[in-house]
Every structure is written in C-alpha cells, then in structure tokens.
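So for the first sequence, the numbering used here puts the first residue at 1; every next one is plus one.
Simulated from the structure, these hints should not be mistaken for lab results.
Here the structure is a predicted model, which is why all the values come from computation and not from measurement.
Fair warning: there could be bad hints in the mix.
[What the hints assert, rightly or not] So the derived label-pair ranges between C-beta atoms look like this:
#: 1; residue 1: A257; residue 2: G305; range: 28 to 34 Å
#: 2; residue 1: A257; residue 2: E200; range: 52 to 58 Å
#: 3; residue 1: D334; residue 2: Q234; range: 39 to 45 Å
#: 4; residue 1: R404; residue 2: E261; range: 23 to 29 Å
#: 5; residue 1: V146; residue 2: E373; range: 24 to 30 Å
#: 6; residue 1: G370; residue 2: H492; range: 40 to 46 Å
#: 7; residue 1: A533; residue 2: M578; range: 31 to 37 Å
#: 8; residue 1: R404; residue 2: S226; range: 26 to 32 Å
#: 9; residue 1: K337; residue 2: E446; range: 34 to 40 Å
The beta carbon of each residue, even a glycine, is placed where N, CA and C say it ideally should be.
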Amino acid sequence: MQVLAPIRSPRWISTRRIFEQKISDLHKCTDPSQLKQVLAVIYKSNLHADIFIATKLISAFSLCRQMRSAVTIHNQIRQPDAQAYNVLIRAHVRNSQPSQAFAAFSQMQSYGVRPNVFTYPFLLKAFSGLEIVAATHAHVEKFGFVEDILVLNSLIEAYSKCGLMGVCAAKKLFSLMVQRDHVSYNCMISGLAKAGQLTEARELFDEMPERDTVSWNAILDGYVKSGEVTVAFQLFQSMPLRDSVSWSTMVLGYRKAGNMEMARNLFDEMPVKNMVAWTIIISGYAEKGLLKEAMRLYNEMEEAGLKPDEGTIISILGACADSGMVGLGRRVHDSVKRNRFSFSIRVSNALVNMYVKCGCLDEALSIFHGMKERNSVSWSTIIHGLGLHGYGEKAVQLFSRMTREGFAPNKVTFLGILSACSHAGLVDEGIRYFYRMQRDYGVIPEIEHYGCMVDLLGRGGRLMEAFGLAHNMPFEPNDKICGALLAACRKHYAVTRAEDELKQLVQLDLKNTGNLSMLSDIYAATGDWTSVAGARLCMKNMSSEKPSGASSIELGDEYYEFTMMDRSHPKSDMIYQMIDQLGEHLRKIGYVHTASC
DNA sequence: CTAGGGTTAG
C-alpha cells in the first residue's frame, strides 16, 4: 500500500474526502511503520478526532498488533459512538485481550453510549465462562435486543463453549427462538457436538431445512472430537460439497486415531492444501516423533510459498515441546525470526515453553527476557520452567517480579510456583504460597494444587502433614495424590508409620502402573513378599493394555525413542553392553542404587 | 454472527 502524501492546503472538507477514499483500504496495510506515517499525516491535518477516520485507523493498527496506538486513537475521539466502541472491543478481542475488551464495554456504559446489535457478537467472543456470558445475556435483555437473531446466535455460540451447563442454556435459548436461521442451527449443532452430545447434534442436523457445507463440517468435527473417525469418514464421503475445512477435519481425525498413513493419504489427495492442513499433518509427525518427515514437510510448505501463521507456529511448537524435538523447534524459530512481526506474545510463549521442555533453559530465558510485552501465561511458563530445571529460588524471585509488575497470578501460575518449591525443597515457602493463593489473590485451590502440596510435604519428609492434607482436603484423593504419597513413603522409608493410611488410599487406585511399582517397592522394604508378588502380577497384566513411558533423544537429524527392555534398535546388544559398563563404572566411584528391593 | 490447527498445569 502506498503511503499517503502530506496535503499542502488543508481545506477541511476536501481534505477529509481525500482521506475517506484512501482510508477505506487502510486495513490492507500490514506494515506498522507505514501506518505510523499515515497517522502522522492525519495528525498534521487535524483529522484524528473524526470518528470515521479514527475507527478505520483503530482497526488497521489492531490488525498489526499495535494496540497502544489503537487505544490512543480511540481516546482522542471527541464523542465516541457505539461503532467506535465496537471497533475497539473487536481490536482487543483480536489481540487476545479479553479483559481490556470488557473494560472498553464498561467504559462505553459509564459514558452512556448505548450498545447496538454488533456490540454483543464482538464482546461475546472474548468471554469464556458461564457467569460472564449469563451476565451479558441479562444485559441483552435489559437493552431489549432479545429478538435480534444476530445477538441470539452469538449468545448460543458463547454459551455452548461453557461446558455442559452452558450447552443446556444454549439449548433453552435455541428452543425459545421465534425465528431461526441456518447460523442458529450451525451454532447449536457445533455446540452440541463439542459437548459430546452427538445424538442430539445429529437429530438437529437431520431436521435442518437447508444444509450448507458449514453444518456438515460442524457434525464432522463432532464425530472426530469423540474419536469416531469411521463414522466421520462415511459422512465425509456422502457430503455434497467438500471444502478445505472438511478435508482438514478428516486429516485431524486420522491423526488423532494414530493413523498417520491415512491422514497422509487424505492430505496428499486434498485439492487445495491450506495452512491448517499443513499444520495438522506436520504437528502430527512431530507428535509421533517422526522428525525427518515433519522437517521435510515443513520445508516443503515454505518452498510452496506458504508463510506459517500464528496458529501453525504455536501448534508445531507445542508438538515439539511434547516430543522434545528441539531441532524442528529451532527451525520454526528461524522462520519466526525472518518476519519480525510474527513475534506475538503467544508465539513467544510457545517458544519459551518449547525450549523449557526440550531442556534448553538458557534459550527459554533469553526469549522471555527479550519479550517486549508479556502476559500471565508468559510468567507462568517461565516460573514452571525454572522449577522444572531445579531453580526454585529463581522461580520465587520471578513470581515476586510478576506481581510487582501488576500481573495477577492464576491457578496455573500457582501450580508452577508450588511445583518449583517442591522440586527445590522450599517447603515453608510453598506452604506460604498455598495460603496466600486464596487469601491474597482469590484463587481457589483445586485438586491439582493439593497434589502439589502433598508432593511438597511428602518430598520434604513431612509425611504426617502430607497424609493429613490428603485426608482433609475437600476432594476425593485421585491417582496423582496417591502417587505423591507413595513416592514420599518410598523416599523416606517411613513405611510402617504410614502403612495403614496408605493401604486405605491405595484401594482407590490400582490402575496406575507407576503407583503399583512404588507400592511393590514399599512392600519389599517391609519384607511383605506376598504383597510384592501380587502387585507385580497386577502390573504384568496391565502392561499389555497401557503403553509404557519412553525417553527420546535427537542426534543430528535422527530422532530415537527408547523404552524399558527395548530391543528394537539394530545395535541393542552394544547399547546394553555399554549400559552395563556404565553401571559398573558408577559402582566403582561409589554410587549406590537406591531401590530398596 | 456459524465450520478446521493453536501457548501455561507430574
């Protein structure tokens, strides 16, 4: 886009007309520095307070993530109307700032600007949570928009994102609607499908007066999400028209079923391969540890002239984090560096997470410290990362910095800091956080937080407190809690003291091989060999059902995965010989294996 | 306004 030339004779009316024409195309400009030049010209001509021009500018700045400019421009409008606020709300939503979107909505009300029907669809996109959607619903009723199909459709969509209760509310709203269009049906079908209520979704789909491709895709996605790939594929084949969404949904379906061959066949057959399809197939290979194929396709995608978007980058980095594929992660990082405007908060967070999980803490830290803007997720990720790598004190320091800088720690942040304290042995520090969490930050502890606390106390040798907490917490103990207690008992040889309570808890969970193996160790330490044999037998019966854990390593451009008793590698004999030699060496220099059995 | 990929949680 060409930058506007300064206007020499600013006769207001004609100048404004010139801008009006050029400004309608402003949203196509993706370069922030060009936009800043345009803004300078507009300031010079004193047109920045004009509502029409200002709203176009807000929209354009928000599209290239320049929210500070967008907000400044909005603040300079003399008498902002509903449209001016709608654009600002949409700008915040687009840039994943739901709380600011809500703040804009509140400001609008306090200034007495009446919302219009377009306000709610934007606003509702920002919300997740039954209470806030219900509150917005009440607002809609108060302002008398209950008959507007646009608003009602948005409410149905927003409600159905809020779990089972939300879907109920959506159903009620849908049934009360005087008029329904195909969007109402599609929102409802997709909501039901996402909640796993496939039969109802299918009934609605069958009774719809007209089905366009969107409805088919919604029900297709429902089957895929509930793991019914075969049904989904039958439907896919009977569709009158298939678009790229239908194809990519099926590719995802087969990837989720672990059938990468079928996923790949469909991907190859796709008439038009878009970013989402590339993302699904590449992340699929990365997830499965097929580094070479993931890498090859990633290069192929870039060679085809496609630039990975935010979703692609986040998705692939997530798969790299899970499988430890730092090589592909670095490759993605390189593409991000090449176009510097793609470094959004979310992309940076995904990079930090990837490096943390791949064991490259220094790289994670350098990205984190280089971020211009951070959100709670950034802080939670790095705090958890420091904890994972054993730097408990550093995690604690960053937690204080986070709160000093005005970020509210959420339930995930607390899981991070509690597990960091646990790993670093900072027992009292951890207990303090657990109390402050509810008292100072209003975060109500969930079972996972109790899990962290049981682990923290158990690792720290405060077994009785750990058992006390497990008994008195407002949740039923689950396998994680049992696991933490078993690990603590094994570590501190405090078997007899805790045995009775332990046996009680253990009844709850005999389906977890990890826990059973710890239990067997504990029985062995007490000399109860009959129970050891029982536990071993259970484990043996289960090992056929459940895949065992695996470790992996990347060497050059090869990726190796290995499991217990693995003999699949061609050089297995050599490898096990080497392990024996290492073990011998360790014993010589004084290492004692700790397993008491 | 409706469909597909997607960052933090042993």
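Okay, the hints, checked on the actual structure:
| no. | hint | in the structure |
| --- | --- | --- |
| 1 | A257 with G305: 28 to 34 Å | holds (31 Å) |
| 2 | A257 with E200: 52 to 58 Å | violated (24 Å) |
| 3 | D334 with Q234: 39 to 45 Å | holds (42 Å) |
| 4 | R404 with E261: 23 to 29 Å | violated (52 Å) |
| 5 | V146 with E373: 24 to 30 Å | violated (39 Å) |
| 6 | G370 with H492: 40 to 46 Å | holds (42 Å) |
| 7 | A533 with M578: 31 to 37 Å | holds (32 Å) |
| 8 | R404 with S226: 26 to 32 Å | violated (45 Å) |
| 9 | K337 with E446: 34 to 40 Å | holds (38 Å) |
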